[in-house]
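Protein chains: 2
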Amino acid sequence: MSVTAAKGFTAAGIAAGIKDNGHPDLALVVNNGPRRAAAGVFTANRVKAAPVLWSEQVLKSGRVEAVVLNSGGANACTGPLGFQDTHATAEKAAEELGVSAAEIAVASTGLIGLRLPMDKLLPGVGAAAAALSPHGGEKAAIAIKTTDSVHKTAVAEGDGWTVGGMAKGAGMLAPGLATMLVVLTTDADVEAPGLDKALREATRSTFDRVDSDGCMSTNDTVLLLASGASGVLPGHEEFAETVAKVCDDLAQQLIRDAEGASKDIRIEVVNAASEDDAVEVGRSIARNNLLKCAIHGEDPNWGRVLSAIGTTSAAFEPDALNVAINDVWVCRNGSVGDDRDLVDMRYREVRITADLAAGNASAVVWTNDLTADYVHENSAYSS
Amino acid sequence: MSVTAAKGFTAAGIAAGIKDNGHPDLALVVNNGPRRAAAGVFTANRVKAAPVLWSEQVLKSGRVEAVVLNSGGANACTGPLGFQDTHATAEKAAEELGVSAAEIAVASTGLIGLRLPMDKLLPGVGAAAAALSPHGGEKAAIAIKTTDSVHKTAVAEGDGWTVGGMAKGAGMLAPGLATMLVVLTTDADVEAPGLDKALREATRSTFDRVDSDGCMSTNDTVLLLASGASGVLPGHEEFAETVAKVCDDLAQQLIRDAEGASKDIRIEVVNAASEDDAVEVGRSIARNNLLKCAIHGEDPNWGRVLSAIGTTSAAFEPDALNVAINDVWVCRNGSVGDDRDLVDMRYREVRITADLAAGNASAVVWTNDLTADYVHENSAYSS
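Chains as they are written, first to last, in the working numbering: chain D, 577 to 959; chain Y, 577 to 959.
Any given hint could turn out to be false.
Copies of the same chain are indistinguishable here, so a pair counts whether it falls within one copy or spans any two.
As the list claims (entries may be wrong) - For lysine to aspartate or glutamate, the following DMTMM-like pairs were computed, each having C-alpha atoms within a straight-line distance of at most 25 Å:
#, residue 1, residue 2
1, Lys-696, Asp-915
2, Lys-636, Asp-895
3, Lys-696, Glu-767
4, Lys-773, Asp-949
5, Lys-636, Glu-893
6, Lys-839, Glu-953
The hints are simulated quantities; they were obtained by calculation from the structure and are not laboratory data.
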């Protein structure tokens, strides 16, 4: 269902030859209106890929006609010539669709530091435009895969309107945003400011809290396009909740497909003095390599959780900290709690609960374990 | 030569039975004076082991008679009873040596969250006191090993005085300080404030810049004891340089013995606007798991260096960044530079130079690669 679940959108996914292996590598998503409102959230990395710099400008108008996405190359750290390549991609799509290049967003994913093969990419944009279909969402989702083992799509229904989307990402899931490209579409008749508010609220509690390996990408892009084709303008809260539902679904798919992982780790920080404290502590636990190794070894090593909490500036007293692993409170009052042998860690999902005993706020951060497969995949990636 | 290289010190290292495998696990270092001045630097982790809480208090007086160190258990996250165990350890040593427990520092290393076997440790303190020798430094260094493959000692000579030391640490080398226990001794006749100044200056540019896996320990302790037995009071600069030399030597030994590592990575950040910027960027590169995997795979993946720089708040323009790997400038002006195939990465030491083109400050941070062996060692550690 993907990006064509909502009315008013067509999409395509084709093999343009950007990837040497002949797999699909170019996607096009077109908003056929009547409205063409859009919002976007981008990587917080200060080293931004050319398509991010381009699309940030496009999104300032709150209007997007179409999105061109490619896998097989990130077009990051490619200098002024790389930016020209993104510009040329937008121009080509604009020409095919008979619209302005200033309303074409571009997103890229793949290796950093390599120019894109424009002799293949530009004809690919033409081929994708010719293949556009109201049933093309699935193919578009497939074309943006890199090391993803599966393509990722999600849909949620409102009252007479729909939000759908696709995502790509399988590693480098990190702060701010993960290395992911996400396009969400809706036929709800929402203007750009409403889209922006809903998207920021949704990403803040979903994609922003998926932290597979702590590494922030140069290319993260999350776009939300509205066609208005349903003719329905939902209330903000209802709309925002539905967008968040689709984001949450896609974020869960990302964490489950993280490179080389054998465990999905749900870290819930409770009784924090503030939500910021809860997120800071959650992230610190999520990024602790020693803990991630221990979880891989099915070792309920709560000492490493406390170590990670101790590096934060959150409000807490060391002697008041409690930690549960898979619901067994193995650490109570900063010291040994219930018998660690009671913790059953055979399953893929591991739940860590960190009780800061400092207030009423909470947050959930997801991460993965650290495995020899992760090392292997990321040692061999570019060679 | 270790902690008994300087005059006025005796030491011992024995097997007290704290470790199940019968290896040496208890060390005692005694300052026989005439002066008994001391300074200490401890972990910045807010979750501090009982011996750290104890020794921080002891060091406030600037006077230390002796240090008891044990491997085989960190005595961290052990609550009030764990603190009583540390207190009892100091009392026992004080009784053996005929001094006050308030002048006995204690340091522990090993697993978190387990009480120490005091029925073995306390008799061990007695046995160590009986074994004290002016040639005991080497044995003391051996007794503090945990996963260390070798024991670590260093010595530097001043004009008529000496600084010597021992260190333990092979993983969890991190911010602020690594998981390490370090005892430095000198027969220079320096009072506590002079020791404190020299030690802080030295750790700031040595141990503080060794960041093997980004995980901060609960137990890090670096102590500097002065006996004054040489009768020489060196100038501050000369003394501080010699202390820094011993710290640098030990820090290098720590990084070379990091758990499961196959590469030692020297990250030099140059042309930064400030030293703080240089250190922030160095640490961000040092902690990037994707880069650490790439280096393991002998892949000069400069894109991951730029990605890591981009997550910092340091002053730089993305288009002005330059990166060299083993002296080949593979990234120039934020984009593709010299041929990456020119980079020879077969050797254990890898040098990354990040040029921020923003000023005149610089800093060096050391880290290791991320390997399947690291994952294996840290998955299996407590089981």
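Could you place Lys-773 and Asp-949 in one of the four classes (within, between, both, neither) given a Cα distance threshold of 25 Å? This pair counts as neither: shortest intra-copy Cα distance 39 Å, inter-copy 46 Å.
Pop the pair Lys-636 and Glu-893 into one bin, within, between, both or neither, using alpha-carbon distances up to 25 Å. between (45 Å within a copy, 22 Å between copies)
Given a CA cutoff of 25 Å, do Lys-696 and Glu-767 count as a within-copy pair, a between-copy pair, both, or neither? For Lys-696 and Glu-767, the Cα distance exceeds 25 Å both inside one copy (36 Å) and across copies (72 Å).
Within, between, both or neither: Lys-636, Asp-895 at alpha-carbon 25 Å: between (49 Å within a copy, 23 Å between copies)
From the Cα coordinates, with 25 Å as the cut-off, is the pair Lys-839 and Glu-953 best called within, between, both, or neither? So Lys-839 and Glu-953 pass the 25 Å test inside a copy (16 Å) and across (18 Å) alike.
Given identical chains, is Lys-696 near Asp-915, meaning Cα to Cα at most 25 Å, within a copy, between copies, both, or neither? The answer is between: 24 Å across copies meets 25 Å, while 60 Å in one copy does not.
Of the numbered hints stated above, those contradicted by the structure are hints 3, 4, listed in ascending order.
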